[in-house]
Structure formats: C-alpha cells, structure tokens
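S.K.: 1 is the number of the first residue of the sequence shown in the UniProt record's numbering; add one for each residue after it.
FYI, nobody ran anything at the bench for these hints, they're computed from the structure. Just so you know, not all the hints are guaranteed correct.
What the hints assert, rightly or not - Listed next, with one range per pair, are the computed distances between beta-carbon atoms: (1) T147 to N286: 33 to 43 Å; (2) H400 to A727: 27 to 37 Å; (3) A529 to I335: 41 to 51 Å; (4) G134 to E238: 46 to 56 Å; (5) D36 to E128: 17 to 27 Å; (6) E249 to Q133: 30 to 40 Å; (7) E249 to I659: 56 to 66 Å; (8) R276 to I335: 15 to 25 Å; (9) H136 to N286: 52 to 62 Å; (10) E456 to Y572: 37 to 47 Å.
The structure displayed is predicted, hence computed values, not measured ones. C-beta atoms are modelled at their ideal positions from N, C-alpha and C, and glycine is treated no differently.
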Amino acid sequence: MDCNPRLLLFILHLLMSCVVPAFLTIYPPNEVNLLDSKASQGELGWISYPSHGWEEISGVDEHYTPIRTFQVCNVMEYSQNNWLRTNWIPRQSAQKIYVELKFTLRDCNSIPLVLGTCKETFNLLYLETDDDQGSHFREHQFLKIDTIAADESFTQTDLGDRILKLNTEVREVGPLSKKGFYLAFQDVGACVALVSVRVYFKKCPQTVRNLASFRDTVPIDSQSLVEVPGLCVNNSKEEEPPRMYCSTEGEWLVPIGKCLCNPGYEERSSTCQMCREGFYKSTHGNMECSKCPPHSFSHHEGSLHCGCEKNYFRAEGDPASMACTRPPSAPRNVISSINETSVILDWSWPEDTGGRRDITFNVLCKRCRGTAANVSTSGTLHCEPCRSNVRFLPRATGLHNTTVTVGDLLAHTNYTFEIEAQNGVSPLAFKMRQYAAVTITTNQAAPSPVTVIRKEKTSRNSVSLSWQEPDRPNGIILDYEIKYYEKEEQETSYTILRARGCNVTLNGLKPNTAYLLQIRARTAAGYGATSPSFQFETSPDSAFSISSENSQVVLIAISCAVAIILVTVLLYVLIGRFCCRSKSKHPDEKRLHFGNGHLRLPGIRTYVDPHTYEDPSQAVHEFAKELEASGIAIDKVVGAGEFGEVCSGRLKLPSKKEICVAIKTLKGGYTDKQRRDFLAEASIMGQFDHPNIIRLEGVVTRSKPVMIVTEYMENGSLDSFLRKHDAQFTGIQLVGMLRGIASGMKYLSDMGYVHRDLAARNILVNSNLVCKVSDFGLSRVLEDDPEAAYTTRGGKIPIRWTAPEAIAYRKFTSASDAWSYGIVLWEVMSYGERPYWEMSNQDVIKAVDEGYRLPPPMDCPATLYQLMLDCWQKERNNRPKFEQIVSILDKLIRNPCSLKITANTTSRPANLLLDRSSAEVPSVGTMGDWMDAMRTLPCKEAFSGVSYSSCDTLAKTSTDRVVLTEVHVTPATCPDWEPSMGITTL
C-alpha cells in the first residue's frame, strides 16, 4: 500500500466519524486550557518546516463541526526531520503545564515497500520566550520534553474494519519562568496524525468549605502545598481562622478552622441565611434555627429570640429555648389552727403553676383592728403590718413547703395572713399578683415570763427588787406573784408575795444568807410561766449597809486601794521573771508548756503528733483556725476522697479579699473515728508554715458538713501536670520545681516530721509552677500481700516509692523520705512516667534488693541522675540529707551549663532484667554510672576496693590505682569481658 496524503486524509476521515465523539469531554474544573486545537474552527496557523513535512488537514466531526488536524507520513524517503511548531502560548499564572496529545500512528510492518527508515515515535519539544517571535524558527533552541510512542498502532486491516487506535499521552512541563512558550513536534520518519493538542495547567478552583470562601489558587511548584486563607461568607464569624492547602494536582486538602453563622442566621446551601418567621437562633453556630417555644413568637426573619405572648414572660436566667411562662395562681384550701398566740397555716399547691417548677410561697402578716370605728369606707378592716418580733417557722418568704407556723402574736387580736405563690417570672408580672387570705383571731393567753430582774438595795434583813413587764403581756397585768426561799433549803420552805407594780421590798430576811426568787405575772387568762431563778444575798452583820451613802464611799476607797496593791505586785512579778530569765542557764528553764502537756523550746518549731492528745478535737482547735461556714462558697466538685468530696470554691474572711480555696468535705453518716481521722490531717497541716507546703486556711467543725479548707492549686497534682505538658519545660524549670519540693521536705525534716508517702501524685502545682508538698496524716500498716505493700486509710501506697528498710522493717525516717525523693526526681525528669513501668511490686522489691536501679530518663542531666543514685543508696546513712539536696540544686540553678551533659538512656527494663544471668551493661553518661554498671557484671571482683561518689573522687584516685584496675579487667581475669563493654574508656 502506498503512503500518500490521500491515504492519510482517508484515515483522518475515518477517525472523525469513529472517535470524535470521545472529544466531547467536559474538562475538570481544576484544569485551565491554554491551547485546545479542536476548539478552533479555522486554520491553526502553526509553522511546518520543511513545508512538505507536516500537513494541516480539515475535517468534520459527527456533528459536522469543522476541526483541524496535522499529519505526516514520509516513510518512503530517507532521513526525515519534519518540524511542526505551535503559535506562541502565554502561560498566564502557571508554573507547571500539561500537554495532552491525541494521535494515531501506522504500524511500520503494515506498510509495504518502505524505501526509507520507518519510525513509530515522534518527539515533543518546547521553547520559553518572553514575547512572540513570529515565524522565526531555530531547531537548536528547543528543549526536548519526551519521545512520544503509541500504545496502539493501526494497520491496513484496521482501516478495512474501521477499527482505529486513538492514543492519548499527557506530558508535564515546568517549572516555567518566562511569559510564554512554544510547543514543537519533530517527526523523524513516522506515519502519524495529530488529532488534537491541548495545553492546560491545574489550579485549585474557587470553593466554599465550612462557610469559608477560598479563591482560585495555582500551585507554586511541584514540591510543596500552598496554604490559602479563607474568608468567612456573609453573616458569619470565624471560630478558628479557616485555611486549606492547594496541592500540585489542583486539589484542596486539609481543611482547618471554620466559620459560624451569626445569631439569627442558619447554614443553607453553603451560606448563612436568615431564620424564617416563627424561628430563631440566639447564638453563633451552624445549627439550624429553632422553632419558637410555646407561648412565644417571631414575626420577622433573622430573629435572635422569640418574644412572649401577652401575660407570658421569660425570666432573666431562662434560656431562649425555654417556653414563656406566667405567674402561678393563688394557693388553695388555706387552713388555720390556732393555739393561744400562735397559728399553724396549711394550704394546697396552686391549681396553675404557670408552666414552671420553681414555686415558692410568701406569707404576709397584717394586724387588723376590729372595732366599728376603725372600719374604712370600703367596708374592710383597717390593717397594718405585724410587729417585727412575730416569729415565722421556718421563715416568712421563700417557702418550698405548704406549711408555716406563726408565733409570738398578741392575744385576742385579729390577724390577716396573705399567702402568695411565686415563681421565676412573678417579679415581672407584679400587676398579676394573686394570693389567698385568711383572717383569724388569737385566743386569750397567759403572759410570757418575766426575764429582767434587778436588785436595787440590800441590807441585813431586807432587799428591794424591780423587774420589767413581760415582753408579751397578752392582756392587762392584774398582779405579780413573787416566790422566794433560802438557797440551802431547796424550796422545802418558801414565801409567796403579790405585788401590783413592778417592784417589791422583801423584809424579815436572815443576814448573810443566799436566797432564790421567781416571779410570774397574772392576767384574766391566768398566771404566766415562772421566770428563771434569781439569786441574791443579804448583807452580813459586820458589813456596812449598801443603802448607806457613807458605806458606799468607804467601799469605793477600799476597792481602789486593793487595785493599786494588785497592780504593784503584778509589775514586781513581771520584772522579776524577766531578770531571772536572762540569768537562767538551765535549759529546762527556757521550756514553755504547749497544749496537751507537750514541751516546746522558744524559737524552735517541733512537730506534735495529734494522736497523742486524749481529745483529738483539742488538737484541731489548737493548730487549725475555725472558719464560719457562711464565708465559704462551693463552686464545683473536682474529685472524691475517702471521706467525702473534694471541691473548689471561694473563702471570704472579714475585712479580707475573697480567695480561691480547695475544700475537703466529710460525707454524712460518719463515725467518731472517721471524724477524728479526717481532722487529723488538718491538725498536722496547721503546724506547718512554709511556701512549699500546702497552706491550711482553716476547718469547719461546728456545723455540717465538716470541712478542711486549704489554698487552691490551679494545676493539680504534679504527675498529671507533667504528663499533660510532656517535654514542654526547660531543664532549669524542672530543677526549680525539684528545688521547691526539696525545700519543703527540708522544712518537714527539720521539724521532725516523716512524710512516708512522698510521690509526684502528692505534690500540687499552682499557676506559677510552685510545687507544694501535700497529703499529711495518713497512718500506714504493712500488709502480708506484697502486691498491696501498704494499706492506709487513704488507699494503698505502691512499693515503688518506698525505701527498702521501710518495706522490710517499717523503718520510716527522713532517710526513707530521701529515697522517695529520688523516685520523685525520676518522675519529674521523665515527665510523669510510672516508676519501674510494668514490673510487678514483687519484682520491684526483688530487683531493688539485688542492686537494680532505675536508668536515667531521656535527656536527663548526668548530675541529676547521680543525685538519684545517691538517694537510692541501700545504706540509709549514705543518702544525702534534704539540706544537702537543696544545696546541690541551688548550685545547678546558678550553673545551668552543668545540665547540658546528659546521661544515656537505657531501654525500658522488662522482668527478664531481674535474671542476673541475662543482665547487660547499661549505657551510662558519667564515670560514676559506668563504675556502677561494671559492678553488676560477672567481672565485678575486678573493681573490689574501688569506691566513688562523684567524678571528683574518681579523679583523686592515683594513677597506680587506675592502672591496677586496668590490669584486673583483662580477658584473663574476666572471661566474660569484651572490648565492646567500654573498659577502654578509662
């Protein structure tokens, strides 16, 4: 078959009728066309070189739309080099472009009598320029993009069967930097037809996501994502700044942040639109508008809330979603029960509560005059408010029950009681006030007791008395009955007198004798209650009469003389004691008694065990301040303890600023023993005064619930605080925390107090990162179960914080606290990791007893790890005192560079580490750590006699000693030694 233009035109015609429908493609929105050859209906005007090479052919598709294609098929000639160059293509904002080629290619084997060299590929090239160069064309200026080969080629048989193989190839070009570019197609001897050429770039199209609008964005390069900020759509507000990332493929990725519709608007169709009538939205958010609740309405769009219907209201604290309500109706069925001058009022709940549950009742008392002259023109009794001394039980206002007792009324008097039901909206509807009224008349009642009796004059045989009328006479006082008798006779013989007034003179009494006297008043209703007993004494025979004016002068003179003598003696005693104290040399002379027989030296604070007091409440009141419960406001429950809840709240003391506090409460139904145990911690805590010890504000013991009030520590326990802020603190900050804990423990040690439960969980942290020791007063009893270790009234104490001698012999001292401090130090440097990880308590006891010690945490300074090892000395006397620990930490704070040398970290030990035969050498960061590690090896005998406590002491070791050590550690003396063990580091 000959290869000529007519043949190719025939091929192209078949192509238009068979495969053009595939061209009718809707391109993705993230692709922007720079060139699309099939979109041009006229000539493309591309340059062909030489002119007899590529040929532009016109054709039509199935819809008879003209399209332009290029073909070349000079396979019958040798040395083909045919070029086709596009027009200049502006790149716009693209830095990377894509070229899509659709073409057909003839199989060389299907072309007979080929004279030249037939190819089945062609080349794609490009040239960047800043402007259009017209017809100027230089082959060497073009850069090759790729060699294009066909996946499917067609044969002559295919033409007969009308089966054409259309190939599609896409190549990426870039990055581009100039304003535009040319594409070129080089044929070196193929039979090929370019059906369409499309040049495009990718972008992230404008979109709306989470109510934020993102603009069209073109990727900058092929290596990174482009962060694009979003703008909230109208009527919305940022909750978190919205942003997304545009990928190189023109796809939006990783939406972050969002916008929220304003109040009165809801999200619809990716926009915020106003709420419809009858709906509302009162807050920011993307929730739908809510329908107006019952008895409310909204007559316009975009309502923030719904207004209430007439005679319906919404209280200030009611949410917008709550239905409008109204005041309740009046109480019903009021019943009164009169008992002399008191009355019990009882009623039923209102028939209509107004749609609310917060119903309370108020009782208003009025005293009414019942005479005809006082009846007003309206026909009602003239009433006035009751006296302030009328008593209501439980109270007159804010009643939640439907019963009240009213006492201390006047006898035989008319009263009207108005009982009003109220709810949360009653203050808004004062014109709608409804109440139930009942009028009663009190019974005739006897007078109340006489309470005030005064002695006016006293003589050998008489006494003059006066008294006040009873507070509630309940009528006209007819007379008073006076009953008196000698105190020694105990009412076996008494005398009764009656008096019409409020005074009487008793005659015929014995000199220098004590008498008891009682008075009661009488009205038409009878005698009232008897007054309390009043005691008086007559004058002795030798005494001056009190009624004598001269005797009073003499008594005053004698009293003044006695007072002067007493003041003189007191000054003499005080001056003598002061002088003697300065001269005293015996130490016992300086001791002061304190509390329950305990002795304290002036200026030296010593811990006193509250359990030594016979009455534990005495210890509480001696060391802790009693607070008024009315000054304590509990805000919320933050936890639960063994004895009750732990709350946060506020404490307001008189003339002091309100402060935040933590409150431990004692739950109801407690026993006396539980109460003593609960307050024991306050008795201990009240003895301490140090900035790194939790401060006790006081206790509440005289009312319920019983409470212990301490300062509030905002950041909670140290272990959880560190886990929450893992790796967020500098080394100096961590050392500062450790220094505070050590300072508090030094204070406790100086006072003679052993904490016994020092752990990070019992250290509290405030907002300034100040650490304070807490959890005092819990007794500890050793159990047989090694997993439980200890049982306390506060729970179980894990073995992993306790010193070996405390586990084995219950020897708790400041040295055992120092061991625990080493564990706390490890917890802090590991940011709250559990000591010994998943090892059981029994394995921990065994490992520690065999000499195993925790490895250094990650990035732990070598100096701090050395301090841990010193705290974990098996011999308790070798452990550092807290005073020394504070000094060491102070030096580290003053020299931060010493924290830069870190100890290497070992792997987390499993239980297999307890097997000595499988032990490996841990990697260490200091010479001392290395020496400790060597002692755990089978060749530990090589280091016998070599001791150290720091690098300084090791440096003092003589050269001979070191050489001797090197001689000992050889394969001959230590068969298990290997060079990898690091012995050569000496």
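S.K.: Could you run down the list of hints and mark each one as holding or not?
M.R.: How the hints compare with the structure:
no.: 1; hint: T147 to N286: 33 to 43 Å; verdict: 54 Å, violated
no.: 2; hint: H400 to A727: 27 to 37 Å; verdict: 54 Å, violated
no.: 3; hint: A529 to I335: 41 to 51 Å; verdict: 29 Å, violated
no.: 4; hint: G134 to E238: 46 to 56 Å; verdict: 52 Å, holds
no.: 5; hint: D36 to E128: 17 to 27 Å; verdict: 21 Å, holds
no.: 6; hint: E249 to Q133: 30 to 40 Å; verdict: 32 Å, holds
no.: 7; hint: E249 to I659: 56 to 66 Å; verdict: 60 Å, holds
no.: 8; hint: R276 to I335: 15 to 25 Å; verdict: 53 Å, violated
no.: 9; hint: H136 to N286: 52 to 62 Å; verdict: 59 Å, holds
no.: 10; hint: E456 to Y572: 37 to 47 Å; verdict: 41 Å, holds
Checked against the numbered hints given earlier, this structure breaks hints 1, 2, 3 and 8; the rest are met.
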